[in-house]
Amino acid sequence: NAGVTQTPKFQVLKTGQSMTLQCAQDMNHEYMSWYRQDPGMGLRLIHYSVGAGITDQGEVPNGYNVSRSTTEDFPLRLLSAAPSQTSVYFCASSTTPGNTIYFGEGSWLTVV
Amino acid sequence: AQKVTQAQTEISVVEKEDVTLDCVYETRDTTYYLFWYKQPPSGELVFLIRRNSFDEQNEISGRYSWNFQKSTSSFNFTITASQVVDSAVYFCALDMDSNYQLIWGAGTKLIIKP
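For the protein sequence lines, the chains are E and Y, in the order given.
Everything in the first sequence is counted per our numbering, starting at 64 for the first residue and increasing by one.
Everything in the second sequence is counted per our numbering, starting at -6 for the first residue and increasing by one.
Accuracy of the hints is not assured; some may be wrong.
Claimed, not checked - Which residues of chain E face chain Y? A partial, calculated answer using Cβ under 8 Å:
| no. | residue |
| --- | --- |
| 1 | Phe73 |
| 2 | Asp101 |
| 3 | Met104 |
| 4 | Gly105 |
| 5 | Leu106 |
| 6 | Leu108 |
| 7 | Val123 |
| 8 | Tyr127 |
| 9 | Pro160 |
| 10 | Gly161 |
| 11 | Thr163 |
| 12 | Glu168 |
| 13 | Gly169 |
It should be emphasised that the hints constitute simulated quantities derived from the structure, not laboratory data.
Heads up, the beta-carbon is just placed ideally off N, CA and C, and yes, glycines get one too.
The whole structure should be built from the sequences, with the hints applied where relevant.
What follows is the structure, encoded as C-alpha cells:
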C-alpha cells in the first residue's frame, strides 16, 4: 500500500536556490496539506488543498508555493530557499477535514 | 482561539510502569476532532486515535487507553505496562469543522528505560 509518498527524503540546498518537494497519494483523497516541523515543536500548516484546482494558505505560507492540478499530486515549491526553511516537511491527505489524516514519511530539508 | 497544550515536555519511566500523557485543548467550536499521533525516532507520524467531540466514551486498544473529558477540555493518553518500543514523541492535535487547520501540541517525548 503506497498511501502518501514524498520525495526526496533528504535534500541540502544553498540559500537562494529553488526546489520542489513532491507529494502523491493513491487513496483518492480530496484534502491534502503540507506541514513543517521544527525541532521541539508540533507541526505547522503551510498550505492546503480541498480538491484539484483549489489551494489556500495555512499558518506559515511565506516562501512557499503550491498547486493542485490533479487529485493525486500536491507539490510544494520553495521559491528562494532561506536557512529559516531548514525543517522537516510532511505531506498529508484525508478524505475530508476531521477524518483520519495520513502522512508521508517526511522530507528533511537543510538550507545552508 | 484554538490551542492544544501538552504541558509535559519529557517523561521518563522504567519499563512496565504505567504512564499518562496529558493533552488540554481550547476551542469555541461545538464540533471538533481530537487526534493522537506517535512519532518514533525514525521520524514518521503514526496515527493512534481519532475522537469526535460528541463521543466522550473512553477507548482502550491493547495497552493504550484514552480519556476524553469535555468538562475539562482534556484528552489524555495512558500507556499501561510501558515497553521500550513505546519510546517516541507523542502529539495531540485538534481539528475543527470550521476551518481546515489541524492544531498541534508541542509534543511529549516519552522515554522508556529498560
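Right, here's what the structure says about each hint:
| no. | hint | verdict |
| --- | --- | --- |
| 1 | Phe73 | violated, 11 Å |
| 2 | Asp101 | violated, 10 Å |
| 3 | Met104 | holds, 6 Å |
| 4 | Gly105 | holds, 3 Å |
| 5 | Leu106 | holds, 5 Å |
| 6 | Leu108 | holds, 5 Å |
| 7 | Val123 | violated, 11 Å |
| 8 | Tyr127 | violated, 15 Å |
| 9 | Pro160 | holds, 5 Å |
| 10 | Gly161 | holds, 5 Å |
| 11 | Thr163 | holds, 5 Å |
| 12 | Glu168 | holds, 5 Å |
| 13 | Gly169 | holds, 5 Å |
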